[in-house]
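Q: Just so you know, the protein sequences line up as chains A and B, in that order.
Each residue of the first sequence is one higher than the one before, counting from 63 in my numbering.
Each residue of the second sequence is one higher than the one before, counting from 11 in my numbering.
I should point out that these hints are in silico values taken from the structure, not numbers from a laboratory.
From the three backbone atoms N, C-alpha and C, an ideal C-beta is built for every residue, glycine too.
Please note that a few of the clues may not be correct.
To be verified - Not everything, but these chain A residues come out facing chain B in the computed CB check (under 8 Å): (1) Asn-239; (2) Pro-268; (3) Ser-272; (4) Leu-277; (5) Lys-280; (6) Ser-283; (7) His-284; (8) Asn-285; (9) Thr-298; (10) Gly-311; (11) Met-324; (12) Glu-326.
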Amino acid sequence: MKKNIWSVVVLLSVLVIFVSTGNSQAQSVKMLKVGSVLPLNFGMGVDTKNALEMLAADFNAAGGIVIKGERYNVQLIVYDDKWTAEAGRAAVEKLVYQDKVKYLISTISSPTIVSGLALFEQEKILNLFAGASLRILDPNLRYTFGASTVRTSLPPVWTAARKIWPDAKTVVFLAPNDEGGKARAMEEKQVAEAFGVKVLDTLYYPRSTSDFSSLGLKANSHNPDLIDYPGTDAGTQFGLQIKAVYAAGFRGGQVSAIGPKMEEVKAVTSNESLEGLLAKMGDTELPDPPPVAKAFRERVTKTYGKWSDASLPWIPAWFALIEAMKKADSVDPTVIADYLATNGLEWQRVDGKAMLIKRPDRKNTKYCDCVSEAQYGQVKNGQLVPSTRLTLPEVLAACEKVFGKGLR
Amino acid sequence: MTAELFAQLLVNGLAIGLIYVLVASGLIILLGVVRIFNFAHAEFYMLGAFITFGACEILHLNFFFSIAIAVVVVTILGALSYRFIFRSLRGDILLCTGASIGLSMILMRGALLGFGTQERGLHPPFPGNFGIGFVTLPAEKVIAIALCLAVMLGLYFLLMRTKIGKAMRAVKQDTEVAALQGINTNKIYLIAFASACALAGLAGGIVAPVFSVTPAMGHNIFLKCLMVLTVGGMQSMLGGVIGGVVVGLITSFGMFYMGGLTEILIFGIIGVILAFKPFGVFGVPH
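Work out the full structure, taking the sequences as your base and the hints as a guide.
A: Below is the structure:
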């Protein structure tokens, strides 16, 4: 009997030691809940979700991050907003109140973010936004920052265009006849004019248009030096526009602030019509990509079976969040937000370096927006080949030309 | 506006207008002979475009051969859908309309499931331009016009010079008298339905390399064809031709001068026409 009691005591002791060791191991790695709200009814939303999940898994597998002696892993929670304010607001509330996330990254949809801006301030949620809305530059916002270059991508494009076509004086825009297309065309008008190029006309078309013949003729009838496509779709519709413009007889320069889906574009238009087109080009698409871009491309291809660069504009917020935690040496959203607003941030993305900037033109003298290195390509014989790369100082200079001084 | 610009807009308008004519002709045959308003008609146009795309881009077949395959497949599908859906419902307008809406949804959703939402483009089989005097015209538009005109002539020959065409016209005029004259009306309905689908499939095949191919492409052209029928008259083939060309030209010149507001112009002109000719320019009161 006595022997049995001792056996039980020994067993229980072993059990207690085992459980307590397990607990201490679990306690040694804490979990940071990071949320994202993406339009999963669009390919880019799905690609961004895939990329973020892959990055989070790799980050955790590599041991996470150590802040003030504590090791942290990330739990990523992604919800669908279908690019609507209603679904977006519901997703944001679920993330904040139910999942208790403290960080929101890479959200693309402006309606979602705009509907949640007050909530982020109230609940102290660090929001590194990837979309285009200018509302996030409001100087009264403490917790929201732009982590993508959508608001600052046009000045560098026009710097590159100016390098290629220094004598160009006029441009015609073809833009979708909706809020996004109109906003983009208005922004681009401001930028083109800052670079000394007069906008002769902006031709708006319904998003569902497939026959651009008349618009091509109209654009060419202005006899512009350049044609630009603000806010356009990157695939087949973009190709149809180029085809129509070329068929109308236009042989000048063509500019696109977005990277075209060359396979789709080339399926509907000839190589001749594309010749010389200046467009954004991701580092992952370079013939000899930098190591970070190459590794990311290989990792995505290995994980998902195919490569897509659709996530690249939206995932920089992930890298910004990790770098911000390191620099602020804190996981407290308020500490990080104040650090970012005061000191700014420079970080490495998949396609080049990025940094936070101030936007005094929007009456915001805190760091709140983002610029990055920019790579552009020109189409030669049906292939987009690298033509111009702008460093961070060059991009900053281009932006200061349009937005005014004091961005740093 | 220069003469060259005018000619280019004219050719663009004619090209798209004649595509409308092809699709609308099918609808007119359906309305006149079979007396069915087929909401799925435009989906046969979409299927024609996808089959042409697949035959050209995947099987790497000749463009004209691909169109022929598209026409054959769409004709068979049309005949099958008449035989198994509309034949037993014919005579009941509500049931036929409901069935055609259902068929339209099945075909479109099927295309979405099968091909996805991505727009597809067919490599232009006729790149380059034709220079005619001082005017330069896109080769694919000129060929599209030529094809449409050839088909319209063929259709005219079929309706006016062949026994089947005469039988169709007889059934259109008076079904009972035609049946008393020994015409197999059920067979004529089947042929008319399949021919209408063939016209839609052919139009889809012709348009595939000119624009893009998407599961939703039928929706836009269907609305345009309704405008064509409203302008020309619901059962008049000549009205369909005139209506198609008019809508095509308004679209072409309207996009040049008014851009995205062209639809307003079209609806305005239709409103004016209906004010004076409530059954369309060539329509007759029922």
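Q: Checked against the structure, which of the hints given earlier come out wrong?
A: 7, 8, 11
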